[in-house]
Every structure is written in structure tokens, then in C-alpha cells.
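Asker: Generate coordinates for the entire structure from the input sequences, incorporating the hints supplied.
These protein sequence lines are chains R and U, in that order. The first sequence maps to residues 1 to 570 in the working numbering. The second sequence maps to residues 571 to 952 in the working numbering.
None of these hints come from the bench; they were simulated from the model. Beta carbons: idealized from backbone N, C-alpha and C, even for Gly. It cannot be assumed that every hint is accurate.
Claimed, not checked - To list a few chain U residues with every Cβ distance to chain R over 10 angstroms, as calculated: (1) L597; (2) T607; (3) A681; (4) P690; (5) P757; (6) R776; (7) E821; (8) D852; (9) N904; (10) P935.
Claimed, not checked - Among the chain R residues that face chain U by a calculated CB cut under 7 angstroms, a handful are: (11) Q425; (12) P431; (13) G432; (14) E433; (15) L434; (16) L435; (17) L436; (18) V480; (19) T483; (20) G484; (21) Q485; (22) D486; (23) Q489.
What the hints assert, rightly or not - Simulated restraints on C-beta separations: (24) R:F567 / U:L597: 38 to 44 angstroms; (25) U:E916 / R:T440: 37 to 43 angstroms; (26) U:E685 / R:E218: 22 to 28 angstroms.
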Amino acid sequence: MPIKVLPPDLAIKIAAGEVIERPASVVKELLENSLDAGASSVAVEIKGGGSGETRVTDDGRGIPSFEVSTAFLRHATSKLNASEDLNAVATLGFRGEALPSIAAVSRLSLTTRTPDSEMGYGIDLEWGQIIREGSRGSPPGTTVRVSNLFENLPARRKFLRTPGTETGRIHDLVTRFALGFPSVRFRLTSDGRVLLSTTGSGTLREALLAVYGVEVAEGMLDIYGEDPERTYQVEGVVSPPHIHRSNRSYMSLFVNRRWIQSRALSFALEESYHGLLPVKRYPVAAINISIPYADVDVNSHPAKREVRFHHEGTIFSTLQRAVRAALIADSPVPPIQPPPGSRFDGSSSAYHPSSFFPRSAFTGASRDYPGGPVDAAATTQPAPSLKVVGQVKATYIVAEGPDGMYLVDQHAAHERVLFDRIKQQSAPARPGELLLEPITVELTPGQAEVMQEKANMLCQYGFAIEPFGDNSYLLRAVPVVMTGQDPAQALLTVLDLVALENLSNTQEDVLAASIACHSAIRAGKTLTNDEMIALLDQLEATANPHTCPHGRPTMLHFSAAHMEQEFGRT
Amino acid sequence: MKLSCLQENLSRGLGVVGRAVASRTTLPITQNVYLATDQSMLKLSATNLEIAMTTWVGAMVEDEGAITVPARLLSEFVNSLPSERIDIELQPGSGVLQLRCGRTEANINGADAGEFPPIPTVDEGVAASVETATLKEAIARVAFAAATEESRPVLTGVEIKLEGDRFSMAAADGFRLAVHHGSLREPVDSETKVIVPARVLNELNRLLGDQTDPVEIMMTPAKGQVLFRTQGSQTVETVSQLLQGTFPNYEQLIPQSYQTRAVFDLPSLLRATRTAAIFARDGSNIIRMETQPAENGEAPGKVIISARSEEVGDNQDEVEAESLDGVEGKIAFNSRYLLDVLSVLERGRVTIETASSSSPGVFRPTDSEDYIHVVMPMFVQW
Ligand SMILES: Nc1ncnc2c1ncn2[C@@H]1O[C@H](COP(=O)(O)OP(=O)(O)OP(=O)(O)O)[C@@H](O)[C@H]1O
Ligand SMILES: [Mg+2]
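Answerer: Right, dumping it as C-alpha cells:
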């Protein structure tokens, strides 16, 4: 084929593909524009996961009417003047690509008014062509409405996930903006339902409260750090060691308030928790790094997601020092010197601020590299055989084992036992226990969304559920392990737990873990000696006895050597 | 207060009411036992606020009075004494209970009787009388089917209905239903229905032991209470709070038709089920039952009982039916539910009726209409 210059409408479609991948990209670009326009309040309304309609309304400075159509020309931007400016980008947008790219693959209409003009101005486009423009009534600020996304690119439409998943992505995205810009009021609604609403008070903690709830908001530790030359500032919050999550999506990193994804920076953050978190658990964090605009290259990724730093090493160490300082200050007990001969000796990993007892060898091996590959030998190591001594706080089983004392978390241990049992039952159809009488359950829209997403999987796990109009469902059967509970409550809790874990996570383990979690004996339940013996036996028989399905440890080991040392016997 | 009584009587009385003493509590006085003179008896009461128990011990009363003392301390002390006469004395205003037995003496600090939660009395309402054996059988066959978790309070109870000279008890935990009918010693005037916590009935069952005197039941739905008076070697009154709410309309849950009806020798079926339960333990408790009518019409037919677990292995057992009418069928039950119902039926023969692998199985003793047990199957892959 001869080399040809692409016809312009094809070229723009290809370019649009790079910038606009999915409904969340539309939201991202529109939000960036609103923030660049100095908005103090932004509302995002989506329908059908964003492929139905996306509308972003801001109260920013608006676009003068004579510039509106220019904004839809490629490479039209008000944010850069000459190419030197590209070396120091202070705004979120700078390419002049976003609006034309969105317009090329959708029906778009924009209405805007600058504060000093009487009348607003509106423009409508279809597949990149202006079909209408002129004066229009409008409040100050800008509203962009996008619909029929990708309808002219059927191939791309096929790549879209279910509305629930796309909603999850958009939710995640708006969450990041809310954490990056605490002084802007954000509101996200999906099919009329409010998914997120922040106050815009300017305090990060209030934003955290809206986004992650009270436990996280109250528990988080403030961090601050700068490099010796004071060129870089690291500021934000990180979770204390007892708050952690099953994936990295709760770590938000910003560079000059731009949310970025950086493997290297994430790793630096995880490293700061070295030895403090259970295997495959990740901290919650919202950290902004202020860098002179000239020291960071934001123009390295079509969707502006990744950035390049000129002095990466300095930034990493500044970040790590700031996080560690906060973790040490939070440490409830003074760090102890590890017993001589332990593997923590002398290495830089001897740092162990908040664990009074060095983690035992069996849970420790894989802790050395949080985020790294799990040491197979460590996780498949069998459980020690344990002899029950008693129960503490109706929550922990005290046991004697080879080389010392073990504390077993009864809930975590039972969770592991049930999880293994559920997983063992052969998919696709795990048995369910039929109810004498079906129960009508009312779901919240959020729960209904998970229900629709996971209907098949819920069935495979032993639930039998039928739609019963609106958000009502008929529950006919529950998984066998859940027969000891209120069936309706069991279903609702599982839906909530799955939603919490991650709406877009398709791994069926999430469901198994949620069922196990809700069915496991609770902390606070007094157990008989026989019950404790049975539980430890069952735990011992599992493939992975040292952690619960969420990755928390099921047991702590207090070695005889360590006890002797603490009691001053050696 | 001044009286004397026999060590063995006091010890037995404290043992009985001791069951109602609160173990862990926010109201410390409920860990005490209440002692009071009552005509020529010593009355002992304890309550954990859900259940209250009262009994009387024969005594020689010189001065009237009442006090409460720590239940555990008192009964441990009394149990340690020789079986002789105990002299008990409370100096007015002292708050200290003095006990003397032979050369042993003790002073126990008590708390004022007025602080003890009032022990409910049930003196009006519908009264009925039941033979102890009848009541015990009913409780044993029904109470285990009640729910154990508290989120559905009504289902943790047993519905007791009195009507004419019959009573019925029913319990259901959402997956199974047990209903038992029995006779009252005399007809009651008005029909009454209450929901009693299953836990209280199990406690009552233990208390009844092997005594033979009939049990009196007094129901006051208006006050939300029920009282059981057992006579035995000593009178014991057990008062329980009733559960409030509506019990499921269970009559409609009992299937009216079947596809297959089979009668089995209970001990054989129970043995096969127990064996299968061992293998079902690791495979989510599934016991599969395949009913096969005989082909040539000679033997009545049989059921194949099997269980398998991916990890452990599998087993299979055949039990000949004594009679079998209907078509072949497959159904899976939770081994626990199956064992529960077969164990309470214990002896004789059992009739099992099934319609499909997703409709309830009905179990009844073959020789009586008194008991019916409905169990929902599990849906499994065959
Ligand atoms: N919500 C808004 N409020 C005010 N002006 C806006 C708004 N959205 C867009 N504009 C104007 O339209 C121009 C084009 O926007 P567009 O998003 O296409 O490019 P950009 O933001 O400059 O760069 P990028 O492609 O990196 O996003 C902007 O430079 C800005 O002047
Ligand atoms: Mg832009």
C-alpha cells in the first residue's frame, strides 16, 4: 500500500482513540477542563455507565462566545503559548486535544457563560461536525453533555464493559480528583443516584471522609517531607499499619495535584510499609508531590496518566522518609531490638516500628517484598500443630505449638477454613440450601448493581435469586455455609462486601471471600475447648493456613527464644 | 430471718435455680440467688431476666425474712458441707447471712432483697396440664429445628398452641419445619398460642429429667409470659418471657402430595445416613438419596444413599425399603438436617415422601400422625 496522508476525519478518529478510551476518559478530560477553569464546584452526572450520557457542569470562568468553536479545533488550547511553555506545564490540560477528540466520537453539546457576559453561548456537534451554535441562556460556568459515545466506532464500543464496571471506573476517577482537589466540591451521580459528594471545604480529611468513610478518615496519618534543597514537597495522608486494602487502588499519588500512575512511586510507598502489612495488602494513601513545573515531564502519555521526573531518586527518598517518619511516630510500642540471629539482623529491614513481636518466620518470608512475588515456600508451609491453651477476649485462641506460643484470630482462621471449603466445592455449581419459603429482599441501587453484575456468580456459589420487580428480589436458596444466618441479611452483606472490595473485580475469589467472611464465627464469641480444637484442626488442614482470604494473618507466633529474652532469662 | 433446713435439700434447690443465674451480666445482682421464707418453706429464686426459676425447700422457720447472696459462693459452700442440718440466720439490718452446719460456720455478705428484679408471677391466664413424658417427647422432636441465631427472633422460638384437649409445638429455622401434636390431660376452655424461646424449652427438658408428675403450664400472652410448674421431688416454677411477633403460617408449608413414598426401618436408614455423613463432612454436608422402585415387582425397592468429597473420597450404601410406592427420584439433603430428624425418631419405621429434587421432603413416624418434619433439599449437581 502506498504511503498516504490520512484523510482528516480518519486521523481524528485514530487520535481520539488514544485520548478517549472509554467513558471514564471523557469524564477525566472534562473534569480537567473544569479544574483548569478555576471551578469551585463540579457536578458529574452519568447514565448507563457513561455510555448513555455524561454531563459535567462547573462554575468556572467559562469560554468567551467568540472562542467556543475554536475550542473544538485540534491543538486549540488557551493554556500554552509557545513550545517553551511545554517544558513547564502548570495546568492539567495543555494539548488542545480533548474537546475535539470527544466530539469526534459522540454527540456533544457545550453551553458556557463567562461571568461578565449577559448571555451564554452554546454549540452542538455530531461526530465532530458543528451542527448548531449560537446564544443560549446559561448560568455562569460551563456544561458539557456527551452522548452516543463511540456510536460511529462500533469496534470500540465492543470494548466497553458492563455499565456497572464503567461506573466503577468513573467513580474511582472522581474519587481521585476529590482527593487531589479537596477545596473543590465534587458530586457524582449515576442514573440519578448520588455516588459521591464532597464538601470542598479544603481539608483533605473531609474529602477522605466522603470517599472512604469515617474509619479511614479518622485513622489516617499526616505526612510531610521535603528534600534537603527544598525543591520538592511531599504532603498528604497515609494509613497506619492496621488499615490496609486488598489492592493498590486505594493509593492515590498526585504530582502538582495531577493524579498519576507510577509503578515506581507506588513501589516506593509500599516499601515504606516494609514488614508492617500482611501479604498482598496495600496501604491507603493520598499524597501530593509538589515539583517545579520544569522538573517534570507530563507530556509522555496520550492520556497524561504517566509523568517523567528529572530527579527520580530524590523524590523517592523524600517520599519514603516522610511516610516512615509518620509510621514511626504512630508506633504504639517502642521498637524492640530483634533477637540476635534473627533474619532482621543488621539489614535495613530491621526497622519494625509497630510490631512488638518480630513477625514469625513463616509469615515473615513473604513480607520482605510487599508487592513483589509471594514467596511460595512461605505461604504453602503447613500450619504447626497446635494445642489449645485457652481463649483471650473471646477473640483469640491461645495455643502452644512447636517452639513457643501461638495466638490465633478465631474469625480469620474460620474465614480461611470456610474459604477453602467453598473453593473446594467444584464450580460451576456449588450446592445451595433451599429455603422453606422464598424471602423478598429489597436492594439499594448499589446492591442491585452488584447483583446484576454478579448474578451468575452468585448462583454458582449457591444463592438462588429471582428478580421480583424494581429492586426487589426473591431469595430461594443460600450457600450451605450460610445456613446458620438470616438468609436475607446474608445476601445483603455479601453484596455490600463485594461492592466494597471492588465493583470491577471479576475474580470470583471476592465472592468466596465475602461469603466466608460473613459466615465465619465472629470475634467476641466464647468458644468451648472442643470448638477451639476443631477449628485449629481444620485450619491446619487448609492449604494456606497462615493468612485469611483477605491476606490478614490468622496467627502470630511468639517464639520460646523471644519469650526467654523478654523475660530476661538469657 | 431465722430457719433451718437439710443440707441435701438446700443443695438440690440451689442446683436447680442455679441454671437461671446470669453468667455474664450488666446487672450484677442477677448473679445472686434470692432467699426468702415462704410459709414453712425456704423459697429460692434466680433470674437472668430472660428466664426465672423458683423452687422451695422444706424448712423450720423461726423468723421471716429475705436476702440475696452470690449464688455461686453459696452453692459451693453448701455443697462442701456434710449432709446435716443447716441453721441459717440473718440479723435484721446486718446484710450478712450466717450459716452454721455442725462445727462449720460461714458469714456471707448479701445484698438487699428489695434490689432483686421482681420474679414474675403468673397467676392468671390459660392453665393446662401435660404428662411429663408427652412434653419431653414434644420438646425433643421440635426444639432442635428452631433457628439459633438472633437476627430472626421469632424463629428462635417454638410456637405452642393449646386447643381443646390437644397441644401442638412447631419450630422452623427457614430450611426445615418440625410439628408435633400431643394430648393435654384436660381440655382447655380457650384456644391459645404463644412463642416460647427454644432455649427455655431445652432447659425445661433437662430439668424434667426422669420425673413422672405432670407439668402445669400457665400462659398469659397479655403479660408476655409463660410459666411451667413441675412437681417432681420438689416444686420448680420456670417463668419465661414470650417472644413477640408472628410465627410463620406453617400449615401451608407442609406439602399435600408426593411422587414417591417409601417406608424404611429407621435403625438401618440411620446407620447408612451416619456413614454417609462422615464422607459428607468435607463436601458441604451433601447426602444424596436415590430412590429406586423394584423392577420386577418382587422386593419393594430401595434407596441408595451416597456422599462424596473431592478431598476425602466417597461412599455408597443401599437400604431396602419396607414399602415403596411411586416413581424413582433423586434428592439431596444436608446431612445435619437428615441426621437430626432421623435421630429424634429413633426407633420403628419412618415414612419419607418426596416430589422432586427441589421440593421439600416430608418425614414422619410410620405408626403415628403426631409428628411431621419437613426438610428442604439442597440443589446440587448430580
Ligand atoms: N470547562 C471549561 N471552562 C472553561 N474553558 C474551557 C472548558 N473546557 C474547555 N475550555 C477551553 O477550551 C480549550 C480546549 O479544551 P481541550 O480540553 O480540548 O484542550 P486543553 O484542555 O487545552 O488540553 P488537553 O487536550 O490536554 O485537555 C481549553 O484550552 C480551554 O480554554
Ligand atoms: Mg482539556
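Asker: Each hint needs a verdict: does it hold in this structure or not?
Answerer: Here's how the hints hold up against the structure:
Taking the minimum C-beta to C-beta distance to chain R, about 19 angstroms, the non-interface status of L597 of chain U holds against the 10 angstroms cut. Its beta-carbon lying about 37 angstroms from the closest one in chain R, T607 of chain U satisfies the requirement of being farther than 10 angstroms from that chain. Listed as outside the interface, A681 of chain U is consistent with that label: its C-beta sits roughly 27 angstroms from the nearest C-beta of chain R, beyond the 10 angstroms cut-off. Residue placement check: P690 of chain U keeps its beta carbon more than 10 angstroms from all beta carbons of chain R (closest about 28 angstroms).
Non-interface call for P757 of chain U relative to chain R: holds, since the shortest CB-CB distance, roughly 32 angstroms, exceeds 10 angstroms. With a least beta-carbon separation of about 17 angstroms from chain R, R776 of chain U lies farther than 10 angstroms from that chain, consistent with its non-interface assignment. Its beta-carbon lying about 12 angstroms from the closest one in chain R, E821 of chain U satisfies the requirement of being farther than 10 angstroms from that chain. Remark: the non-interface label on D852 of chain U conflicts with the geometry, its nearest Cβ contact in chain R lying 7 angstroms away (cut-off 10 angstroms).
Against the 10 angstroms criterion, N904 of chain U falls within the reach of chain R, whose nearest CB is about 6 angstroms from its own CB. Chain R leaves P935 of chain U outside its interface by the beta-carbon criterion, the shortest separation being 21 angstroms against a cut-off of 10 angstroms. Restraint check, Q425 of chain R versus chain U: the minimum CB separation of about 6 angstroms is within 7 angstroms; hint holds. Contact between P431 of chain R and chain U, as hinted, is supported at the beta carbon level, the nearest pair being about 4 angstroms apart and thus within 7 angstroms.
Hint status for G432 of chain R relative to chain U: holds, with the closest Cβ pair at about 5 angstroms, below 7 angstroms. Annotation: E433 of chain R was flagged as interfacial toward chain U, and the flag holds, the nearest CB pair being 5 angstroms apart, inside 7 angstroms. Because the beta carbon of L434 of chain R sits about 4 angstroms from the nearest beta carbon in chain U, less than 7 angstroms, this interface hint is met. Against a cut-off of 7 angstroms between C-beta atoms, the interface hint on L435 of chain R holds, since the closest Cβ of chain U lies about 6 angstroms away.
Satisfaction of the interface hint for L436 of chain R is found here, the shortest Cβ-Cβ separation to chain U being roughly 5 angstroms, below the 7 angstroms cut-off. For V480 of chain R, the suggested interface contact is upheld, since its CB lies about 4 angstroms from the closest CB of chain U, less than 7 angstroms. Taken as an interface hint, T483 of chain R checks out: its beta carbon lies about 6 angstroms from the nearest beta carbon of chain U, inside 7 angstroms. The beta carbon of G484 of chain R comes within 6 angstroms of a beta carbon in chain U, closer than 7 angstroms, and the hint placing it at the interface holds.
Given the 7 angstroms rule on beta carbons, the hint for Q485 of chain R holds: about 6 angstroms separates it from the nearest Cβ of chain U. Among the interface hints, the one on D486 of chain R holds; its C-beta lies about 4 angstroms from the nearest C-beta in chain U, closer than the 7 angstroms criterion. Below 7 angstroms, beta-carbon pairs count as interface contacts, and Q489 of chain R has one with chain U at about 6 angstroms; its hint therefore holds. A hinted range of 38 to 44 angstroms for the beta carbons of F567 of chain R and L597 of chain U is consistent with their spacing of about 40 angstroms.
Our hint of 37 to 43 angstroms for E916 of chain U and T440 of chain R holds, since their Cβ atoms are close to 38 angstroms apart. Under the hint 22 to 28 angstroms, the C-beta atoms of E685 of chain U and E218 of chain R, about 41 angstroms apart, miss the expected range.
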